[in-house]
Amino acid sequence: MNNENRIVITGIGLTAPNGNNLREFRENLIEGKSGITLEEIRYMGKHPTGMCSFDEFKYQKKKTRRRGTRAGSVAIYCANEAIVDSGINFDSVDKSMVGVYLGITEHGNVETEEEIFQLHQNNLDTTLWSHHHNPRTVANSPAGEVNLNLGITGPHYTIGSACAGGNMGLIQGVQQLTLGEVDLAIVGGVSESAQTFGIFAAFNAQGALASHEDPIKASRPLDVDRNGIVISEGGCIYTLERLSSALERGAKIYGEIIGYAVNTDATDFVLPNTERQMQCMHKALDRSNLKVTDIDIVNMHATGTKAGDINEVAAVREVFGSSKSTSVNFSKGHIGHCMGAAGALELAGNLPSFEDNIVHPGINIDNLDPECKLDNLVMNEAKKVEEVNYILNNSFGMLGINSSVIIKNYNK
Amino acid sequence: MTNEEVKNIVVDIIVDVAPDEDVTGISADGNLRDQLDLDSMDFLDIVMELRKRHKIEVPSEDYPRLATLNSCVEYLAPKFS
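Protein chains in written order, with numbering that gives the first Met the number 0: chain A, 0 to 411; chain B, 0 to 80.
The set of hints was computed from the structure by calculation and includes no laboratory data. Owing to the predicted nature of the structure, the values given are computational and were not obtained by experimental measurement. One or more hints might be untrue.
[Stated by the list, open to error] A short, non-exhaustive set of chain A residues, derived as facing chain B with CB atoms under 10 Å:
| no. | residue |
| --- | --- |
| 1 | Lys-60 |
| 2 | Lys-61 |
| 3 | Arg-65 |
| 4 | Arg-66 |
| 5 | His-119 |
| 6 | Asn-121 |
| 7 | Asp-124 |
| 8 | Thr-126 |
| 9 | His-131 |
| 10 | Gln-278 |
| 11 | Lys-282 |
| 12 | Arg-286 |
| 13 | Asn-288 |
| 14 | Asn-366 |
[Said to hold, decoys possible] Which bits of chain B does chain A cover? Going by a derived footprint, with three or more residues having C-beta under 8 Å, they are:
| no. | region |
| --- | --- |
| 15 | 45–51 |
| 16 | 67–76 |
We treat Cβ as the ideally placed atom computed from N, Cα and C, and that holds for glycine.
This is chain B alone, in the form it adopts within the complex:
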């Protein structure tokens, strides 16, 4: 799976978890919580959706790795391969 595909998977989940947010134009390097109205419950939802849809486990100590879109791709891409 390409990095772009992984990024799209994460964005699709964010759109479902935070349906009021406009994700077009968000910076891949910027902190997601600085750009979108996301709270800790939303991140729990994102982790849950990764587990449910893609059988990917994200242990709680790794949650900081999901801070930006790029860090999500860096962390998740090996798990998709």
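With the rest of the complex left out, here is chain A:
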């Protein structure tokens, strides 16, 4: 493959409940530090939640923050951080050839709930409904806010793909660069879901909302006593370029996206499907011309629901069970479920392994569910390995969407 068709990651900007840049995030993943706190959720009391503490006004004016959305604010922070990290001289970039593609689980619930709350405070007077409601709730909003902020005149849109969103942003960026639609892709995923009571209430009704007296123990995928999902906000945005342009400007290269796959269960609205997840991982491996033994780290989606964990572990065991050199980890024990940002964030948390050869652990497993046994599961303590050359990142979502992305250590 020539360098025009090879797509590499050259910048990372992120905010997670336990870190506002890659260094902080990585350190806390390795050290097992959770970012989950007890937060007051409208109408529902206090629940374990993952909130981010980035400076909203580092790159955004107060007025545009007031007009826009939390997801947009997360996206603006992450996009700017990614561009700074990439070392790109953004002033000299042709803005019409920059594309912004962000995965989202949902968008508009926070804004709609707030308007309806205000409506009830004002005797159902719809004349007080904000004229900002429409631009805030259109589905392209978080991506469009990035273009407004950075003066980007190329395409922008979001990819609605439930909790596979973060991976889907990356995949969309690869595709658009390969097609020649853009020269720089600003991609990833964002979520503001932690500020909508409706998602908490729905998971609660489904019996899938995590609870624990100690919030940092609430999110515990694969533990036999897990009791559901901790809802978090977050964002992770990458700059993607063709290898040719990255080499031309001497960019730091975090990794090369060499393969991916997306498929659909077509079996249930919410319940996962082991066979389809296996097919998705196999397809990504085949497209990357890799054997299962080539993969050094598999990052599981692992949300902390019984059905989700058991089905995914079965799929990972079936695909990678024969590979002694493949470590398996997950990130939601530290940060909860960052929804649309999850896939992109969790990949970022593993990318430094290419340099330090450390596999961060999945935390909060006090008693591993017997149905979730995996030979090379990295539990509670980080593991040093000989080398990391390939990472497979899983992200799955409701309506049965599955995605797997494979990243290669460019420098090896």
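Got chain A; can you put chain B on it based on the hints?
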């Protein structure tokens, strides 16, 4: 309500609608849009806040009456009485 009180109400709303702007020292006779970074959406917000906080209606044909702080006071003061 005194004219000064009406003026303060308008300034308070502007501060909320345009939080990046420094409203100290703005001329009461000068056009607000010449002195502050306000656009048509901000004026819609100002009208909305007058309706929400003070139950005052400003029909669209009267928006030009909100051009300066003094014209705001002249137009709004009778509505507060």
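Going down the list of hints, with the structure as the test:
1. Lys-60: 5 Å, holds
2. Lys-61: 4 Å, holds
3. Arg-65: 7 Å, holds
4. Arg-66: Holds. Min distance 7 Å.
5. His-119: Constraint on His-119/A not satisfied, violated at 14 Å.
6. Asn-121: Because about 7 Å separates Asn-121/A from the closest Cβ in chain B, which is inside the 10 Å limit, the hint holds.
7. Asp-124: OK, holds: Asp-124/A within 10 Å of chain B, min 9 Å.
8. Thr-126: Hint on Thr-126/A: holds, closest Cβ of chain B at ~7 Å, below 10 Å.
9. His-131: At about 8 Å, which falls below the 10 Å cut-off, the nearest Cβ of chain B leaves the hint on His-131/A intact, so it holds.
10. Gln-278: Violated, because the Cβ-Cβ distance from Gln-278/A to chain B comes to roughly 48 Å (cut-off 10 Å).
11. Lys-282: Since chain B brings no Cβ nearer than about 47 Å to Lys-282/A, farther than 10 Å, the hint is violated.
12. Arg-286: Not OK, violated: Arg-286/A not within 10 Å of chain B, min 46 Å.
13. Asn-288: 52 Å, violated
14. Asn-366: Given a least distance of 50 Å, the restraint on Asn-366/A is violated.
15. 45–51: With 3 residues closer than 8 Å to chain A, the region 45–51 of chain B meets the three-residue bar; holds.
16. 67–76: Coverage by chain A is violated for the region 67–76 of chain B (0 residues, Cβ < 8 Å).
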